[in-house]
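Engineer: One-letter residues, chain by chain:
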Amino acid sequence: MEEVKLMKGNEAFAESVIRSGCDGYFGYPITPQSEVMEYLMKEDPEVKRTGMVVLQAESEVSAINMVYGGAGCGKRVMTSSSSPGISLKQEGISYIAGAELPCLILNVARGGPGLGTIQPSQADYFQSVKGGGHGDYRMIVLAPASVQEMADFVPLGFDLAFKYRIAVLILTDGVIGQMMEKVVLPEPRPRWTEEEIIKNTPWATTGKTADRERNIITSLDLDAAKQEQHNYKLAAKYKLIEENEVRCEEIQCDDAEYVIVAYGSAARICQKVADLARAKGIKLGVLRPVTLFPFPKKEIHALAQRVKGMMSVEYSLGQMIEDVQLAAGGTLEVQFYGRVGGMIPTPEEVLEAVENKMVKL
Amino acid sequence: MMENIISPENLVYTKTKLMTDKALSYCPGCGHGVVHRMIMETVDEMGIQDKTIGIAPVGCSVLAYDFMNVDMQQAAHGRAPALGTAIKRLMPGKYVFTYQGDGDLAAIGTAETIHCCNRGEDMVMIFINNAIYGMTGGQMAPTTLEGMPSSTSPYGRDVARMGYPLRITEMVAPLAGVYNCSRHSVHTPAAVRKLKRAIRKGFEAQADKKGLTFIEVVSNCNSGWKKTPNDANKWMEENLFPYYPIGDIKIDGKMVA
Amino acid sequence: MAKIKGTIVVDKEQCKGCEVCTTACQFKCIGMSKEVNGKGYRYAISVNDDCTGCTNCAIVCPDGVISVYRAKIDSQ
Numbered sequence: 000m001e002e003v004k005l006m007k008g009n010e011a012f013a014e015s016v017i018r019s020g021c022d023g024y025f026g027y028p029i030t031p032q033s034e035v036m037e038y039l040m041k042e043d044p045e046v047k048r049t050g051m052v053v054l055q056a057e058s059e060v061s062a063i064n065m066v067y068g069g070a071g072c073g074k075r076v077m078t079s080s081s082s083p084g085i086s087l088k089q090e091g092i093s094y095i096a097g098a099e100l101p102c103l104i105l106n107v108a109r110g111g112p113g114l115g116t117i118q119p120s121q122a123d124y125f126q127s128v129k130g131g132g133h134g135d136y137r138m139i140v141l142a143p144a145s146v147q148e149m150a151d152f153v154p155l156g157f158d159l160a161f162k163y164r165i166a167v168l169i170l171t172d173g174v175i176g177q178m179m180e181k182v183v184l185p186e187p188r189p190r191w192t193e194e195e196i197i198k199n200t201p202w203a204t205t206g207k208t209a210d211r212e213r214n215i216i217t218s219l220d221l222d223a224a225k226q227e228q229h230n231y232k233l234a235a236k237y238k239l240i241e242e243n244e245v246r247c248e249e250i251q252c253d254d255a256e257y258v259i260v261a262y263g264s265a266a267r268i269c270q271k272v273a274d275l276a277r278a279k280g281i282k283l284g285v286l287r288p289v290t291l292f293p294f295p296k297k298e299i300h301a302l303a304q305r306v307k308g309m310m311s312v313e314y315s316l317g318q319m320i321e322d323v324q325l326a327a328g329g330t331l332e333v334q335f336y337g338r339v340g341g342m343i344p345t346p347e348e349v350l351e352a353v354e355n356k357m358v359k360l
Numbered sequence: 000m001m002e003n004i005i006s007p008e009n010l011v012y013t014k015t016k017l018m019t020d021k022a023l024s025y026c027p028g029c030g031h032g033v034v035h036r037m038i039m040e041t042v043d044e045m046g047i048q049d050k051t052i053g054i055a056p057v058g059c060s061v062l063a064y065d066f067m068n069v070d071m072q073q074a075a076h077g078r079a080p081a082l083g084t085a086i087k088r089l090m091p092g093k094y095v096f097t098y099q100g101d102g103d104l105a106a107i108g109t110a111e112t113i114h115c116c117n118r119g120e121d122m123v124m125i126f127i128n129n130a131i132y133g134m135t136g137g138q139m140a141p142t143t144l145e146g147m148p149s150s151t152s153p154y155g156r157d158v159a160r161m162g163y164p165l166r167i168t169e170m171v172a173p174l175a176g177v178y179n180c181s182r183h184s185v186h187t188p189a190a191v192r193k194l195k196r197a198i199r200k201g202f203e204a205q206a207d208k209k210g211l212t213f214i215e216v217v218s219n220c221n222s223g224w225k226k227t228p229n230d231a232n233k234w235m236e237e238n239l240f241p242y243y244p245i246g247d248i249k250i251d252g253k254m255v256a
Numbered sequence: 000m001a002k003i004k005g006t007i008v009v010d011k012e013q014c015k016g017c018e019v020c021t022t023a024c025q026f027k028c029i030g031m032s033k034e035v036n037g038k039g040y041r042y043a044i045s046v047n048d049d050c051t052g053c054t055n056c057a058i059v060c061p062d063g064v065i066s067v068y069r070a071k072i073d074s075q
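Chains as they are written, first to last, in numbering that gives the first Met the number 0: chain A, 0 to 360; chain B, 0 to 256; chain C, 0 to 75.
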């Protein structure tokens with residue numbers, strides 16, 4: 000039976016983690032996402048529910064390396080943090096990418112650079128989709144725009160992570176993390192048994208048995224020719240993901256003459272902007288990328304061929320706009336509107352930007 | 000006459016099958032190979048190959064997984080204890096050991112080391128201390144002795160400017176999570192046998208969920224010290240042992256007086 | 000009277016000629032070859048019949064290249 004609850008985004012996420020058959024959470028407190036670990040500790044799934052391990056590490060660095068260790072054993076493991084903590088995790092994420100380990104990472108982003116602010120921000124876009132750590136790699140990046148998606152993207156994220164042996168990042172902000180909304184919680188699914196892990200992840204370090212060679216989890220290859228082949232193998236995987244896993248939502252785009260591209264909580268503000276614009280006779284639609292990598296290039300390209308204007312709205316100085324412009328090609332010049340430092344634009348000021356920057360041009 | 004006794008029933012020692020056939024990448028005379036073999040002999044004798052997960056560091060022993068025939072993970076620099084923690088927590092029925100050098104364990108990974116020890120994770124931490132960064136070409140380590148030259152302390156370690164050599168083993172020993180803590184060497188047969196007993200004790204302690212066993216091995220770096228292996232071992236006895244004394248520091252949860 | 004006799008077999012291609020075994024042997028049974036192996040190292044060899052098969056050399060050998068055999072031999 001459907002279980003409808005009123006929950007904070009961070010708490011719905013945490014509850015969904017327990018229900019997703021997660022084996023281990025490793026984290027370190029940071030605002031605005033501490034509710035995730037607080038909720039998990041209070042629920043105490045290790046003793047009271049599924050047996051899932053919840054551990055407060057000594058640092059974000061340690062936490063992401065615990066994720067590496069757990070993922071290397073074929074376990075469903077995850078961590079969560081906010082921007083400065085995600086920066087600390089980049090080394091570990093790069094190693095996870097190199098060793099092709101599946102895991103889930105939540106970033107409830109805040110304003111930067113540096114310690115910045117605890118208010119919402121989308122300034123971690125580049126870090127998330129371009130590879131925040133060293134080396135050529137990608138993560139699958141999911142951008143929820145509701146408490147419901149915070150819950151839904153946990154099982155989806157784990158499934159994608161194991162399908163491709165890749166880190167899946169859920170990129171959100173304090174708006175989604177902190178707000179309360181109605182949410183239908185996902186059906187609980189059991190953790191994998193030892194036998195299922197051996198079957199599903201034959202590469203994992205589960206203990207060398209007589210019937211197989213030893214398994215090694217590493218991101219090192221001192222032979223440049225072999226390392227190059229490994230890089231090509233990763234590239235093929237990322238290409239496959241770009242072909243198969245693009246997710247986006249088109250809101251009032253069918254008859255749109257103008258389109259805003261926005262993700263996460265910014266896309267929700269822009270839905271209101273579309274309503275306000277249409278009341279004034281401006282046919283405005285919103286394209287919301289749900290996956291930031293893979294990016295909805297084809298969808299944006301198609302829209303760019305038939306609309307009069309396109310604008311990227313972000314809580315940043317302009318990051319996603321680079322991908323929007325690349326996807327649009329040379330057919331039109333993509334406009335930009337953004338607020339930064341933890342400031343959230345009102346629908347009215349975005350509408351003003353739509354009128355001034357896009358419609359009047 | 001000698002040929003007569005070379006037959007399987009008279010074989011009293013040979014390299015354990017849990018060491019792979021791959022030639023060790025270490026310099027001639029380096030202690031790493033002996034420590035690797037003592038761990039694998041322990042795993043072999045306990046019959047726990049299918050239950051053992053090892054963790055290799057960054058440093059000379061980064062390729063330890065090429066030589067030990069058990070499932071292994073290779074950690075980012077200094078993070079082996081974090082990996083070990085997760086592996087043990089998620090698979091409490093397995094045996095976990097980490098293998099790290101002085102730069103990995105006592106410099107970049109100090110936080111991971113101390114907190115893993117403090118949580119009392121049921122695992123064995125092996126710490127190879129040769130007072131130098133071997134793989135990167137002989138730079139100063141946290142454990143480099145006062146006055147000891149290295150490529151980044153070419154005039155000898157000046158403690159006023161470079162800090163003092165760190166006895167991290169003495170630091171972690173009093174932590175409540177540490178069940179056994181001892182310092183060893185592998186340059187004499189007796190020392191090697193003692194080390195193996197300590198490893199065995201550590202593996203048994205983790206099965207009994209007693210806490211963490213921390214084992215330091217003061218070892219040589221012939222290339223880094225620019226000495227022949229036997230001269231290096233002699234230099235180690237004369238110079239490293241006074242500062243890093245060999246012996247038990249904590250046994251069965253009790254500090255050794 | 001029975002006597003304990005031992006001997007060693009060295010994997011000469013894997014030996015790196017570090018000579019740690021030579022100091023570990025209390026009976027001075029091990030020396031280094033005049034020839035070099037494929038890697039260019041002089042390798043450990045048995046130089047007399049005094050080996051008791053105590054295994055000390057093999058235990059300290061970093062590369063695990065020494066196998067030790069031991070048997071009781073009746074001496075006339």
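Derived by calculation from the structure, the hints in this document are not laboratory data.
Among the clues, some could well be false.
Covered, in the sense of this in silico footprint (three residues per stretch, anywhere, with C-beta under 8 Å from a C-beta of chain B), are these stretches of chain A [said to hold, decoys possible]:
| hint | segment |
| --- | --- |
| 1 | 17 to 28 |
| 2 | 90 to 98 |
| 3 | 112 to 119 |
| 4 | 197 to 211 |
The calculated lysine-lysine pairs, modelled on DSSO-like cross-linking and capped at a C-alpha distance of 30 Å, are [unchecked claim]:
| hint | chain 1 | residue 1 | chain 2 | residue 2 |
| --- | --- | --- | --- | --- |
| 5 | B | 208 | A | 198 |
| 6 | B | 225 | C | 2 |
| 7 | B | 226 | C | 71 |
| 8 | B | 21 | C | 38 |
| 9 | B | 225 | C | 71 |
| 10 | C | 27 | A | 225 |
It should be emphasised that the depicted structure is a prediction, and the values quoted were computed from it without experimental measurement.
By construction, the Cβ of each residue, glycine as well, lies at the ideal position given by its N, Cα and C atoms.
Engineer: Which of the numbered hints above does this structure break?
Structural biologist: 3, 6, 7, 9 and 10
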